[in-house]
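K.L.:
So the chains spell out like this:
2 protein chains.
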Amino acid sequence: MLIVQKFGGTSVAGADRIRNVARRVVETHEAGNDVVVVVSAMGATTDSLIRLASDVSENSHPREMDMLLTAGERISMALTAMAIQDLGVGAMSLTGSQAGILTTPDHGEAQITEIKPGRVKEGLAEGKVVIVAGFQGVDPESKDVTTLGRGGSDATAVALAAALKADSCEIYTDVDGVFTADPRVYPDARKLEEVSFEEMLELASAGARVLMARSVEFGRRYGIPIHVRSSFHSGEGTWVKEKTMEQAIIRGVAHDASEAKVTVHGVPDQPGVAAALFEPLATAGVNVDMIVQNVSEEGRTDISFTVPRADLTEAKSVSAEVADKLQANGVDVDENIARVTLVGAGMKSESGIAARMFRILSDHGINIEMISTSPIRISCVVRGDQISEAVSRLHEGFLPLSPPTEEA
Amino acid sequence: MLIVQKFGGTSVAGADRIRNVARRVVETHEAGNDVVVVVSAMGATTDSLIRLASDVSENSHPREMDMLLTAGERISMALTAMAIQDLGVGAMSLTGSQAGILTTPDHGEAQITEIKPGRVKEGLAEGKVVIVAGFQGVDPESKDVTTLGRGGSDATAVALAAALKADSCEIYTDVDGVFTADPRVYPDARKLEEVSFEEMLELASAGARVLMARSVEFGRRYGIPIHVRSSFHSGEGTWVKEKTMEQAIIRGVAHDASEAKVTVHGVPDQPGVAAALFEPLATAGVNVDMIVQNVSEEGRTDISFTVPRADLTEAKSVSAEVADKLQANGVDVDENIARVTLVGAGMKSESGIAARMFRILSDHGINIEMISTSPIRISCVVRGDQISEAVSRLHEGFLPLSPPTEEA
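Chains as they are written, first to last, in the numbering used here: chain A, 2 to 409; chain B, 2 to 409.
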């Protein structure tokens, strides 16, 4: 078997942890597998490099920032290779560029376009463990080094697994797997044994941070099973794959408290109004998530949408300009919101899930401010300070403590 | 003009110093020159990376060590590029590999074999300052990253200047230039305005640390004048070049207290004995410096040689083995030695310099234990605790305070 194993920044933060990672890798290798390892930068390295840059300059230098940040994985991958060699197994580290990770030229948020893993295959053919720097690649046109942005190391691992036609991709993390809810919010949440790519995509978009949507997309597109598991013990984690054995109606309850709501009041209810608002927002680079338009009263309506809090200032000023042009009544901003989401492929066939969700929330005095649905997901925006209550009550309602289907 | 400027680790240790370097570079650029900048890793970065590696592993991992250490220049070069861009001048950083620095495969002590500076020239043609990582290159066969060992960044700068046919190479350092003696040992030592390649080679070999012999060799071979100057002010430093205006008899007094002496006593005085000793030492990687063989008494002789103290343990054990085989009387080790050296191209034509040197030392009660000469150098090994005295008295004798030729 060919297995790609990815270890994040906390897993390689310090000599002891790097030696742990090496033991884990060597066990897998000695069980007769070919192993490719993807590592992130050690613990706080990336942050301290960013701090160094901001000490030197207040301006944006995308090319040089990527040159700087890619030093981080270079350090962790070399140390990991040393620790593996110490256990008697051949190992070599490769930068993203050396591993053939080709990307778009977008510094800081490049997308992987192609992988030419010639040197990785050579290393494997020599019986070596190959360690590849996560998060980085190279633009084949300019030959400049690029970074992949948030969740980049996971994306490297899954994309590399796809290019190598690996049997699986293991994502080692500081949690035990994917849970039915965030255990910090709902302590009785349970680890899932498996979840479909489709459900994992919805969970990731709805706020589950364990795996980014872009990595799940790669896994889905190329059919690479992803095993999300703990770097602290060898117990099974959660398998993310095409088909799951059990098709649960509800897979989990995700939440996201990182957004804010913008409302444009008293917009004329006529064609082209939505475009007039959302086109300039897109141009300004604001990531709009949910959009709700109320029913019209006296020819006017309210449009509400949510954005990441980081984009709020920009969203507010663009909306105010548009409101002016449209002679709307004004713009309101609400930062005290959160979104709770039910995800489950079983929803497609089961009816009444939405109604049951709304009932549970209302029974506990939780007001719903916005609603959005997909075939396997229902999201509600509620008051920010009620989010724990919402997650807990929905989990109790849909995923009771002795679940009929979840535990094998 | 095309100028290569090299800044060492102390010159880029911290944001303020990096901004200083940037100002220096931009001044040179705005005076109408094309500028290529070579930087070392920031201050203590290399040491802390070495410490990280030794935390992870006690073994030697040459390839991965080079992968690790090259993160150091990556950081400093990216930050330097940012600081230059902030001053309104285009800048791009290149790794050794990107700059086309091809080397032998010897990790940790690679030699530059060829430079293919295509991307450097492209950058210059676009009007940019190009920042190149010092100390590193790439083995074109394996495509593995290499480091050049001690003095590697200087070698990068001078070799790059040669490949680009630069008009000069400026080595910025924390001293004002090359001195007639180490000012910490002899405070009245004077800065030299110029020194020939030949003399600088001898000074470097004799212990002057400001410029390593390998860089001087590059400068000499390709006729690139090297300007050794302070990174703290813009005053002239020392020019190292082919011909100097003034051919001083004595250029300076260098010393080296980093070696130890090994003596093999009572070696049979017959052909092949020296080879029997120095071949196994070479095989063991011991760097033998001076060698002296005494006159024979009763068919036996003593052979003494000096080695860097780092090689002493190895040198001692190899010598003891050989002494056994040759049925010599035994091996002695002496760590309390130092070497003082007079350097000057004028010696070639002037006679009596050696005799005068020995007289000065003897007049001050300094015993000479070993002597070695070249056409432009005389070195004497003396007791280690007499080295300051030796340097001072020789400086006074050969380079008196109002020198007849040195100051213009």
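Since the hints were made in silico from the structure, they are not lab data. Take the hints with a grain of salt, since some may be wrong.
Copies of the same chain look alike in the list, so a pair counts if it fits in one copy or across any two.
Dumping the calculated PhoX-like pairs for lysine-lysine here, alpha-carbon to alpha-carbon at most 25 Å [stated by the list, open to error]: (1) LYS144 to LYS192; (2) LYS144 to LYS117; (3) LYS244 to LYS326; (4) LYS326 to LYS242; (5) LYS122 to LYS192; (6) LYS122 to LYS244; (7) LYS317 to LYS166; (8) LYS349 to LYS317; (9) LYS192 to LYS326; (10) LYS166 to LYS349; (11) LYS144 to LYS122; (12) LYS317 to LYS144; (13) LYS144 to LYS349; (14) LYS326 to LYS144; (15) LYS326 to LYS122; (16) LYS317 to LYS242; (17) LYS192 to LYS117; (18) LYS244 to LYS144; (19) LYS166 to LYS122; (20) LYS166 to LYS326; (21) LYS117 to LYS317; (22) LYS349 to LYS122.
K.L.:
Confirm or reject each hint.
P.N.:
Cross-check of the supplied hints:
1. LYS144 to LYS192: Classified as neither; 43 Å inside a copy, 44 Å across copies.
2. LYS144 to LYS117: For LYS144 and LYS117, the Cα distance is within 25 Å both inside one copy (14 Å) and across copies (15 Å).
3. LYS244 to LYS326: neither (50 Å within a copy, 75 Å between copies)
4. LYS326 to LYS242: Classified as neither; 48 Å inside a copy, 70 Å across copies.
5. LYS122 to LYS192: neither (35 Å within a copy, 56 Å between copies)
6. LYS122 to LYS244: neither (29 Å within a copy, 54 Å between copies)
7. LYS317 to LYS166: Result: close neither inside a copy nor across copies, 46 Å intra and 55 Å inter.
8. LYS349 to LYS317: neither (36 Å within a copy, 81 Å between copies)
9. LYS192 to LYS326: For LYS192 and LYS326, the Cα distance exceeds 25 Å both inside one copy (50 Å) and across copies (71 Å).
10. LYS166 to LYS349: Intra 31 Å, inter 71 Å, cutoff 25 Å: neither.
11. LYS144 to LYS122: both (22 Å within a copy, 15 Å between copies)
12. LYS317 to LYS144: neither (38 Å within a copy, 50 Å between copies)
13. LYS144 to LYS349: neither (46 Å within a copy, 53 Å between copies)
14. LYS326 to LYS144: Classified as neither: same-chain Cα gap 44 Å, cross-chain 59 Å, threshold 25 Å.
15. LYS326 to LYS122: Neither, since 58 Å and 50 Å both go past 25 Å.
16. LYS317 to LYS242: Classified as neither; 40 Å inside a copy, 63 Å across copies.
17. LYS192 to LYS117: neither (36 Å within a copy, 55 Å between copies)
18. LYS244 to LYS144: The answer is neither: 39 Å in one copy and 42 Å across copies each exceed 25 Å.
19. LYS166 to LYS122: Only inside one copy: LYS166 and LYS122 sit 11 Å apart there, 40 Å across copies, limit 25 Å.
20. LYS166 to LYS326: neither (53 Å within a copy, 60 Å between copies)
21. LYS117 to LYS317: neither (43 Å within a copy, 51 Å between copies)
22. LYS349 to LYS122: neither (42 Å within a copy, 60 Å between copies)
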